Each structure stands twice: as structure tokens, then as C-alpha cells.
Amino acid sequence: MGELAVSGTSGHLLASIGLGSCIGLALLDGTRPLVGLAHIMLPNSNGDADAPAGKFADRAVPTLLEEMVAMGAIRSRLHAVLVGGAQMFSFGGTSGLDIGRRNEEATREALALAGVPVRAAATGGNKGRTVRVHVETGLVTVKEPAAPEFDLYATAAKAGRTR
Amino acid sequence: MKTSYSELQLDALRELANIGSGTAATALSSMLGIPIDVSVPSALALPLADAVDAAGPADSYVTAVLLPIFGDIDALVLLLFPPEDAAILCSLLGVEADTEVGLSALGEIGNILGSAYVGALGTMTGLELEPRPPETVTDMVGAIVSTVLATGAEATDVALMLDSDLIVEGTECSLSFMLVPSRDGVGELLSRLGLAG
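Protein sequence lines correspond, in order, to chains A and B.
Residues 1129 to 1291, numbered by the numbering used here, are exactly what the first sequence covers, in order.
Residues 527 to 723, numbered by the numbering used here, are exactly what the second sequence covers, in order.
Don't read these hints as lab results, they were simulated from the structure.
Note that the structure is a prediction, hence the values are computed from the model and not measured.
The C-beta atom is built at its ideal place from N, Cα and C for all residues, glycine as well.
Wrong hints could be hidden among the right ones.
Some chain A residues close to chain B (C-beta under 8 Å, calculated; not the full set) [as the list claims (entries may be wrong)]: (1) 1130; (2) 1141; (3) 1145; (4) 1146; (5) 1149; (6) 1169; (7) 1216; (8) 1255; (9) 1256.
Label-pair distances were calculated between CB atoms; the ranges are [claimed, not checked]: (10) A:1172 to B:717: 25 to 33 Å; (11) A:1276 to B:713: 41 to 49 Å; (12) A:1199 to B:561: 55 to 63 Å; (13) A:1175 to B:609: 40 to 48 Å; (14) B:621 to A:1277: 29 to 37 Å; (15) A:1174 to B:696: 47 to 55 Å; (16) A:1139 to B:532: 43 to 51 Å.
Pulled out of the complex, with its shape left as it was, chain B reads as follows (with noise of 0.2 Å):
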């Protein structure tokens, strides 16, 4: 079981991800009519305990969309939405938060970014990649990243997380995105960038 990468291919996971995150960006941006900054994203590597509390505090309740991406690897796009960062999110689109009309918002808005980011990793990869129906769910940090992990992680003990965060110019609002690939997906996408192994 592999369960360790090196710097070179976690650089090039992070720069998957960076491409992934700033095509959802784009996305975002056209949709909201606001510019949209990203950050440099991060590859982790982690154990599923410290992956699980990289996430945030594990009885922080937030809102979740869960992307399932199958096809040639199966993996899972997950967007958090902070209570605040969702309320902000769901004004800026004239609904209100905490209401199935805000969820429903919510939850297209991480079909918009999760699509877009799935798309960017197909085109640099030619791997195909199909996103299925978004699920929204408010919860505990833990319990939804810890399921997120143990669904999309069953054999291993290290979860690779490639985390970024988009932020809506002018506001204090960041959502966290996070593509947790299964096992066999990690070796696909480094085979496909050259750096298996």
C-alpha cells in the first residue's frame, strides 16, 4: 500500500488543483458578477485522524456539497461553506440563507465550482471524469469529512487532500474545496502527469 508521495508529486497535485480551483473560480466569478481570488492550494498527505482535523474544528457545523466524480477514477469534490460564508454566499444571490431555496443555491453553486473544477482536471489529465447530482448537507465538520474519508478511502490509512480556498473579493467570504481521489486515483492522476511511482 502506497501510502507516502514525494515532494515532486504533491507539486504536481498542487498544481492540478490550482488549475482545477482557478477554472472554478472562473466560474464562480461569471456567476456572481464579483472577481473571485484564489489561494495557492495545498496537497496533503495525512493520516485520516489529522486529515479530518485539518478541516477544521470537528464540531464546527458547516455546510457541505458533496460532488461524486466517477469515470476513469473515482473521486469525491467536497465544498465547505462556513455558516457566515454561506449567508454571505446566498445574499450575493438575492436568497436567503438557512432556507431549502438557500441550500438549493448553495448546492449549485458547489455543482457550478465542483463541475468546472472536474472539467480543468479532465482536459490536463485525459482522464474522463463525470460528476454526479451534488448532495448538500449541513453537519459537523467531523462527521461529514470523516465520512467523506472513510466512503472514498476504504483501503488506506492516508487521505489525499488537495485543498483550496476561493475568496470573494471584498468580502470576508472563503469556501474551502477539497478533492479527495480514492487510492487507485492518486496512482491514475500521477501516472497521467508522468511522476508514477
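Chain A with its partners taken away, still in its complex shape (with noise of 0.2 Å):
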């Protein structure tokens, strides 16, 4: 949680487990195995410079993309897959609103601003959620409980098309 990861290892795999309210933020290159995934936990950092990178939405998203583009992705090309923000209860805690919510559009809002497309997303709901990255295959797969793992996006990365 407020962590996030870059990697271009084929046969590596990033993965965010038990995503509630926060928001698994992946990046994906599309022509090479490099994927990025940040568990973005609250929408607003309010210039809090010290907190982990990862942990706010307006923080992470620029961090990773930096990371990304430092690890030789091409920045025009990154697009990006939201997963979780769920609302797990329907209390809403000290701000009285969905926290869940806040933190997608915080999300959304961020890559808007630096110009990363969103391509797919399993956001919102009551349930948890887990998400799996594949970097050799920028494979993105989503499981909820009481349902099976299923795959929500997958980039045109073919595997031969790498180095």
C-alpha cells in the first residue's frame, strides 16, 4: 500500500492484492515488457512530500510515469488500466464521502493532466479486488471474490517484438 513498482524482467509479474477503496494504477508500454503498477491508497497528497510515493494519486501518477520513461519506456505510448476503488461500506469515514470514488477520480484526473489515455477499468462496486500484471505480455488480470480471475485488458506486446 502507497508503494509502487516498475518492471521489465519477462516472467515477472506485479500484483496489488486485496485492493478495497484503493486503486491499483497500472502502466503499460504496448511494444515492450515494461509495466508499472502503483497501490494508490488517497487522492490528495495536500503537498505532504515526505508520504511514499505511491500512496497519493497526485503524487503516483507522475512518479511512476518518471520511473517508466527512466526505465526506457517511450512516454507518448504508456497507457494506463485502473483497477479498485471500490466502496467497501457504506460509511464514509471523517470526510463523509466515498473514499473509493475520490481516489479514481484523483486518478483519472492525474493521468488526464499528464496526457496518459486510460484503456480499460474494473473500478467502483462493493468488492474487493486483486490485480496481476504480466510484463512479458502486459497482460492485466482482475479477481474478485467468489468469481474467477479474469483478464481485463491485454496490450499488443507480442512476445518476439521485445528487446
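Hints given; two lone chains; assemble the complex.
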């Protein structure tokens, strides 16, 4: 939670297990095996620079983008997949608002600001989710309770077009 | 932002949890007619990610009862029932687990335990604490606990969890009890105990 990771190692798998109101933000290059995943917990850092970079949507998006580019991703090719942002409890917390939806909105805003399109999403509802991102194929799978794991998104990347 | 607590403060919070869960155990015991043991509670101040791990494997399923607390401090009381333990509790109550009635029974257990716990805390600290109706959810531990922490601990990187286990005598059944105060709430609890700052 609050963490982010980038991997370009074929065979690797990035996962966020048990996303509730949190957002699992996957960034994919699409033409090479290079993916990033952030586990975003809250919408706004309000200038808190000490927090883990992945914790807040407004900081997680630019940070993950930078790390992807540093690993060799082409910025204009990057696209996003969103998972999570559920409303687990109808009780809204101190803010009185649905934190899952606020997380999704803030993440989408930050992505729009950075010019990164969202290609697929499994968000909202009231169930927890686990997201897995396969580095080599760019396949994004989602598992919800009492349901089989399903493929949410598959990039065009072919294993043969790597390197 | 205060993110660490002294041993003395954690001891005091542990003692609060101990009395709260002792009261809750008495309530559960009279409901089931079976003695209930209480483990020594732990008071953990953990980074949020570690707090989720402390609750159990993130992808294991539990039934959770969440009791929001409002009043002089805001807090969340969370009870976690692993599936086997939920089944034992339901059978002790003569209802079937994994049914609407079973879930409602667990919600009621959560309500009674949580209210007893919060009542004891209020009496000890002189704080007005009012529990709201419980919500019962069955889902992944990680999804539940991370959402509770995101909701209750919005402006902090460290979660304070007061964690106790209640063990139903003669069974393998135990349930885990967590109090997650808001950040301001921890300060208020400590100052009522004369241990502020």
C-alpha cells in the first residue's frame, strides 16, 4: 500500500493483492515488456512530500511515469489500466465521502493532466479486487471474491517483439 | 505529524485495549453461555502497509464487522472473523453460516462486542463515544483493512492498532478485534490518560 514498482523483466508479475478503496494503477508501454504498478491509497497529498510516492494519486501518477520513462518507456505510448476504488462500506469516514470514488477521480485527473489515456478499468462496486500485471505480455488480470480471475486488458505486445 | 509513540504510551493504550476487550469478552460469554478467554492485546504503531500485513494474509477471506465510533474522538472498531471461526460462532448460536441469518448474527455479535468495548473505553477515559450501527462485509482481508485505514487514518502514515484476540473456550474459535482511532483520537486518548505528547 502506497508503494509503486516498475519491471522490465520478462516472467515477472506485479500485483496488488486485496485492493479495496485503493486504486491499482497499471501503466503499460505496449510495445515492449515494461510495466508499472502503483497502489494508490488516497486522492491528494496536499503537499506532503514525505509520504511514500505511491500513496497519493496526485504524486503517484507523475512518479510512476518518470520511473517508466527512466526504464526506457516511450512516454507517448504509455497507457493506463485502473483497478479498485470500491466502496467497501457504506459508511463514508471522516470526510463523509466515498473514498474509493475519490481515489478513482483523482487518479483519472492526474492521468489526464499527464496525457496518459485509460484503456480499461475495473472500478467501483463494493467488492475487493486483486490485480496482476504480467510483464512479458502486458496482460492485466483481475480477481474478485467468489468469481474466477478474468483478463481485463491485453496489450498488443508480442513476446517476439521484445528487446 | 506525530508518528511514533513511547513505550509508556503504548503500554497505556494496551491496557485500554485489555479492559475494553475484557468487557467485550464478558458480553460475548453471557450471550453464548460459554467462557471466553482474552489474549494479551498488542498495541502496534505501524506504517500503513505493515498494518495491513499484520491483519493476516491480504488475499484470505474474512467476514468483517465494522463499527464506526463518533463523539469526542472518531475511531473505527473492526472485528475479523475467519471463515472457520465464523462457522463455529454461528453453530453456537444455532444459525447457519454463509446465510443472511448467519451474517446478521455475526453483525450482532460484532455490535455487542464493539459496544461493550467502546463503552469500557468511554468509562475509563471520560470520553463520550457513540457507536453507529455495524456493517458486515465478507471480502479479502487486504481490501477490508486497507479501506478501514484509508478511511480512518487519512492524514497519517502510521496506523495505531489495538489488537486483541477473544478465544471461545473449548473450541479453536478466536476472533480478532481492532481499534483504529483517527490521528487526533490517539492524542485525545493519551491526554485523557495523562500521557499526552
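Hint check:
1. 1130: Since chain B brings a Cβ to about 6 Å from residue 1130 of chain A, closer than 8 Å, the hint holds.
2. 1141: This interface hint is violated because 14 Å lies over the 8 Å limit.
3. 1145: 4 Å, holds
4. 1146: 2 Å, holds
5. 1149: At about 4 Å, which falls below the 8 Å cut-off, the nearest Cβ of chain B leaves the hint on residue 1149 of chain A intact, so it holds.
6. 1169: This hint holds: residue 1169 of chain A lies near chain B, its Cβ roughly 5 Å from the closest one there, short of 8 Å.
7. 1216: 4 Å, holds
8. 1255: Constraint on residue 1255 of chain A satisfied, holds at 6 Å.
9. 1256: 3 Å, holds
10. A:1172 to B:717: 25 to 33 Å: About 29 Å separates the Cβ atoms of residue 1172 of chain A and residue 717 of chain B, which means 25 to 33 Å holds.
11. A:1276 to B:713: 41 to 49 Å: 46 Å, holds
12. A:1199 to B:561: 55 to 63 Å: 59 Å, holds
13. A:1175 to B:609: 40 to 48 Å: Distance hint for residue 1175 of chain A, residue 609 of chain B holds at roughly 43 Å.
14. B:621 to A:1277: 29 to 37 Å: Distance hint for residue 621 of chain B, residue 1277 of chain A holds at roughly 32 Å.
15. A:1174 to B:696: 47 to 55 Å: 51 Å, holds
16. A:1139 to B:532: 43 to 51 Å: Given a distance of about 46 Å, which is inside 43 to 51 Å, the answer is holds.
Against the hints set out earlier in the document, a violation occurs for number 2 only.
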